[in-house]
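**Student:** Keeping the supplied structure of chain V fixed, place chains X and L upon it in accordance with the hints.
Chains as they are written, first to last, in numbering that gives the first Met the number 0: chain V, 0 to 287; chain X, 0 to 380; chain L, 0 to 299.
Wrong hints could be hidden among the right ones.
[Unchecked claim] The calculated BS3-like cross-link candidates involving lysine-lysine, where the alpha carbons are at most 30 Å apart (straight line), are: (1) X:K179 x X:K114; (2) L:K288 x V:K210; (3) X:K17 x L:K109.
[Said to hold, decoys possible] Residues of chain V clear of chain L, computed beta-carbon distances all greater than 10 Å: (4) P28; (5) T58; (6) E187.
Simulated from the structure, these hints should not be mistaken for laboratory data.
We put the beta carbon where it would ideally sit given N, CA and C, even for glycine.
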Amino acid sequence: MIPSLPQSKFSTRLYAAYITLFFIYLGAPLIVVGVFAFNDSLFPSMPWNGVTLDWFIGTEAPRLGVFNDSQLLESIGFSAFVAVCVTTLAVFVGTCNAFLFERHSFPGKNILYMFALMPLVIPGVILGISILIFTNSIANGVEDSLGWDLEILRPGLFIVIMGQFAFVTTITTLVISARLRKFDNSLEEAALNLGATKWEAVQTITLPFLKPAMIGAGIISFLMSFENFNTTLMLVGSDSPLTITMFDRLKQGSTPALNAVSLMLMIVSGALALFAVFVQRDKSNNEG
Amino acid sequence: MSNQLDLECRQLVKSFGKFTAVDNVSLEIPKGSFFSILGPSGCGKTTLLRMLAGFIEPTAGDIVIKGNSMLGVPPNKRPVNMVFQHLALFPMMNVAENIGYGLRRRKIPQPEIDKRVADVLERVSLPDAGSKNVDQLSGGQRQRVAIARSLILEPAVLLLDEPLGALDLKLREHMKVELKQLQHEVGTTFVYITHDQSEALVMSDNVAVMNEGRFEQVGSPQDLYYNPQTAFVAGFVGDSNRWSGKIESVDGDQAMVALDEGGVIAAVSGTNSSMGLGDQVELFVRPEAITIERSTSSQDGAHIEDGKNTLTGVVENLLFDGANSRAQVRDQKTGHQVTVSLPQTGAFSDLVSGENLRLSWSVDKARSYVSSAAAKQEKAA
Amino acid sequence: MSSAEIAVSGTEQRSVIPTLKLGTFLLMLPLLLWLLLLIILPHVDLLIVSLREVLGYREYAFSLQNYAEFFTEPLYWNTFVRTAVMSILATIITLIVGFPVSYYIAKVMKGRKRNLLFIMCLIPFWVSELVRTFGWMILLRESGVLSSFIQWIGLVDGPVEFLYTDATLMVGLVYTSMLFMVVPLVSVLDTLDDSLIEAAYDLGGNTVSILREIVIPHAMPGIASGCIVVFMLTLGNYLTPTLLGGKDSLWFTEQIYNQFITRFNWESGSAFGFLLLFLSSAIVFVGLKLSRQTLADTVK
Numbered sequence: 000m001i002p003s004l005p006q007s008k009f010s011t012r013l014y015a016a017y018i019t020l021f022f023i024y025l026g027a028p029l030i031v032v033g034v035f036a037f038n039d040s041l042f043p044s045m046p047w048n049g050v051t052l053d054w055f056i057g058t059e060a061p062r063l064g065v066f067n068d069s070q071l072l073e074s075i076g077f078s079a080f081v082a083v084c085v086t087t088l089a090v091f092v093g094t095c096n097a098f099l100f101e102r103h104s105f106p107g108k109n110i111l112y113m114f115a116l117m118p119l120v121i122p123g124v125i126l127g128i129s130i131l132i133f134t135n136s137i138a139n140g141v142e143d144s145l146g147w148d149l150e151i152l153r154p155g156l157f158i159v160i161m162g163q164f165a166f167v168t169t170i171t172t173l174v175i176s177a178r179l180r181k182f183d184n185s186l187e188e189a190a191l192n193l194g195a196t197k198w199e200a201v202q203t204i205t206l207p208f209l210k211p212a213m214i215g216a217g218i219i220s221f222l223m224s225f226e227n228f229n230t231t232l233m234l235v236g237s238d239s240p241l242t243i244t245m246f247d248r249l250k251q252g253s254t255p256a257l258n259a260v261s262l263m264l265m266i267v268s269g270a271l272a273l274f275a276v277f278v279q280r281d282k283s284n285n286e287g
Numbered sequence: 000m001s002n003q004l005d006l007e008c009r010q011l012v013k014s015f016g017k018f019t020a021v022d023n024v025s026l027e028i029p030k031g032s033f034f035s036i037l038g039p040s041g042c043g044k045t046t047l048l049r050m051l052a053g054f055i056e057p058t059a060g061d062i063v064i065k066g067n068s069m070l071g072v073p074p075n076k077r078p079v080n081m082v083f084q085h086l087a088l089f090p091m092m093n094v095a096e097n098i099g100y101g102l103r104r105r106k107i108p109q110p111e112i113d114k115r116v117a118d119v120l121e122r123v124s125l126p127d128a129g130s131k132n133v134d135q136l137s138g139g140q141r142q143r144v145a146i147a148r149s150l151i152l153e154p155a156v157l158l159l160d161e162p163l164g165a166l167d168l169k170l171r172e173h174m175k176v177e178l179k180q181l182q183h184e185v186g187t188t189f190v191y192i193t194h195d196q197s198e199a200l201v202m203s204d205n206v207a208v209m210n211e212g213r214f215e216q217v218g219s220p221q222d223l224y225y226n227p228q229t230a231f232v233a234g235f236v237g238d239s240n241r242w243s244g245k246i247e248s249v250d251g252d253q254a255m256v257a258l259d260e261g262g263v264i265a266a267v268s269g270t271n272s273s274m275g276l277g278d279q280v281e282l283f284v285r286p287e288a289i290t291i292e293r294s295t296s297s298q299d300g301a302h303i304e305d306g307k308n309t310l311t312g313v314v315e316n317l318l319f320d321g322a323n324s325r326a327q328v329r330d331q332k333t334g335h336q337v338t339v340s341l342p343q344t345g346a347f348s349d350l351v352s353g354e355n356l357r358l359s360w361s362v363d364k365a366r367s368y369v370s371s372a373a374a375k376q377e378k379a380a
Numbered sequence: 000m001s002s003a004e005i006a007v008s009g010t011e012q013r014s015v016i017p018t019l020k021l022g023t024f025l026l027m028l029p030l031l032l033w034l035l036l037l038i039i040l041p042h043v044d045l046l047i048v049s050l051r052e053v054l055g056y057r058e059y060a061f062s063l064q065n066y067a068e069f070f071t072e073p074l075y076w077n078t079f080v081r082t083a084v085m086s087i088l089a090t091i092i093t094l095i096v097g098f099p100v101s102y103y104i105a106k107v108m109k110g111r112k113r114n115l116l117f118i119m120c121l122i123p124f125w126v127s128e129l130v131r132t133f134g135w136m137i138l139l140r141e142s143g144v145l146s147s148f149i150q151w152i153g154l155v156d157g158p159v160e161f162l163y164t165d166a167t168l169m170v171g172l173v174y175t176s177m178l179f180m181v182v183p184l185v186s187v188l189d190t191l192d193d194s195l196i197e198a199a200y201d202l203g204g205n206t207v208s209i210l211r212e213i214v215i216p217h218a219m220p221g222i223a224s225g226c227i228v229v230f231m232l233t234l235g236n237y238l239t240p241t242l243l244g245g246k247d248s249l250w251f252t253e254q255i256y257n258q259f260i261t262r263f264n265w266e267s268g269s270a271f272g273f274l275l276l277f278l279s280s281a282i283v284f285v286g287l288k289l290s291r292q293t294l295a296d297t298v299k
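This is chain V alone, in the form it adopts within the complex (with noise of 0.2 Å):
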């Protein structure tokens, strides 16, 4: 049960062996996605024909690197800009929502509050097809009316980002509101006390305390965004972001050239999450 109660030899191996077990189900996919990037052969599959570095730099087809593949290097341009926008919208909402939850009173504010929950339960593929009809109805009625064809509205980058900006604010927001419930609101009556205006308190104090809540729901958020599919797929137009490509290569059978592009995303994701969980720990040395 736990270790100061004493147990047979057994059992103990016996749970540590499911526990090895267990280890090997997780790593198995990630490890032949990665190990693949290198197989000489022209599909990702046995047998294994030895070691190339083709499918990264690779120039002529059928043989083409990630390097030299322009549609996956353009997919990756969109995937990163949406990513990005996604990250700047949701943090900046996140914070706000965080201080109003966890500041105010008002009217209303558990009905509110389930609202912003919300996105968490509502499938993502229901998401996304309720933003296209959404947006689709607004640029038709404007069409209707006005007689302007708002492009913007249409399937494409601008309404994959707003897709995904609605459920990842509802995680930054608990991930920021989690941090500010933590904050020990005597510090901000310090620095009042010492003279500071409410907005330099906040600024000076509260906002340096929010700081790793916040690059750490960023860092979410980007991964979340980049990594997006169910939402994305519905909403996407011509520009198609990195996994909607890859998505399209999968189905028709593809080189190697997508281990390639999967183990860099593996080491970008898997580097970005540790620094994610370092600056959370970082946080928790702060209050320990």
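**Tutor:** Just chains X and L now, with coordinates in the frame of chain V:
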């Protein structure tokens, strides 16, 4: 004789790597007594208690409960129960379910459990609390529920891990009395660990003072207070004034000790062993053993006068605390500070700082112990 | 601070209230815009679209036809039930697989080792779901790693296709959901005081009774929130059923996608979307009732 013992430890040792938490401890606790283990934090008392409960396996030695060795017996099979430091009441159950938990494990039929839970609630004066939630109870009530939960299993020994530590001072005072009374009524053997000497002294029949993994002394509270056998016990149990010095001459059971900072005090040996000429010793004198008089001089250091130890000094601080009021007196010659109790008669209620006092105490109130540093050197030589 | 000063600061606070309200409103503005424009109005619009019938180009009439179509067409109906059953099954399996792991991390491991194990649990989920599913495809396809491996050890003679079965789909669904089970379970088990387990053991409990009476009741909020999130994610999953489940494996989100993108029938697609929302809310509601939890408990 041995069937009268509820709990016996034989040369119990527990080491964690190189660190020895419990070092060769032996103890015998007779049936129905209240036994406390008193020691500063980190002295190994929690490790000892957890070994008795079965949460830690001893490195060496044996634990015998009611004549049966407990080695290899898991905690859920031992005839001992424990009251945890933070009580560990189960928040997912109400009071009655908490108390009935152990009986349910023994597959006792529910009506019987209900009856026995009601009985034990009655005994801890919480007759109507059964359906209450654990977090609806006050600190003292939670305490009683935790004890009731263990007592209902009629253990041979009840182990208590500083359960009063979390209570506020006033409630703690009250619970001390209540706990002693409860133990008296139920007659179960209690083993109580604490770092609070007042808890140990007030409640216990016998107290073991523990330090650095060893028992320094086991005895009745009076014994520990009036006849401490080691310098550690003399310093840890109750308050004492302390000097260090060297034995200058020995006369029967008395010795003259030349203080390191100047002056002489006549003392008796605190231990049963005799004192040797030239031994480095620690001297302890309790504040209430010192008689005080007003005096005009303040210049002479510690010396012998009329067969008594005498010292004059200047009152530096008055620590008024009702019946426990004290004064701190500074020996002007050596700078040594002595704490004395003020008589409860109020005779010195007009005392003010800066007055001169003459302090005196009889020879047998000054107890000397060969200081441990010197003892170690002796061993090495 | 004297009582006079306290009284002064008290009245000052009262006079501040009107301006504070303006501040509150300004702070609320982003929230209101977000919820109204991106959550509430789109879903209202979804409902409206699902309740209309196309008469001609941009000409509509109120109708329940889209819902009627769902109930009369067995393919839709079957897919709906299948999705629900598979999602519940995936949730239960995820719980059963994840609970011992969470318990191990929270209660058996201590200190640095525990943190390392926990981070190892988290990292795979920072990788895109697409990459993870791709990994399973490489492992399980006919020309994949597992097939080659069992041929190599001589278990079978020819290549074996593991993809496109319900079992494979389940492996993928459980894999994708694991994080959302393990995180709430670890955090709720972390708050379980070791001394409660020791006390129960000391009072005569054994592993089974302590699990049943102490650990699981304590972990109930975490179990409920983990199951809700996992269930929702599985129900709304599109990628895993599409890639691992293959052509015969029907998933309700695929139906919605087909209606919208392939058949361009937004009206019935919206109706399906609403039915899926309704299904998920209903099952979560029943689950909460059964586990005697409230939604508020599970968000914490």
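**Student:** A separate judgement is required for each hint: does it hold in the structure or not?
**Tutor:** Hints, one by one, checked against the model:
Straight-line distance between C-alpha atoms of K179 (chain X) and K114 (chain X) comes to about 25 Å, which keeps the hinted pair within the 30 Å bound. Simply put, K288 (chain L) and K210 (chain V) have alpha-carbon atoms about 39 Å apart, too far for the 30 Å limit, and the pair is violated. The straight-line distance between the Cα atoms of K17 (chain X) and K109 (chain L) is roughly 21 Å, inside the 30 Å bound, and the hint therefore holds. Consistency note on P28 (chain V): stated as away from chain L, yet its beta-carbon is not over 10 Å from all of that chain's, at 3 Å minimum.
In this structure T58 (chain V) is separated from chain L by more than 10 Å, as the shortest Cβ-Cβ distance comes to about 24 Å. Annotated as non-interface, E187 (chain V) keeps its C-beta farther than 10 Å from every C-beta of chain L; the closest such distance is 14 Å.
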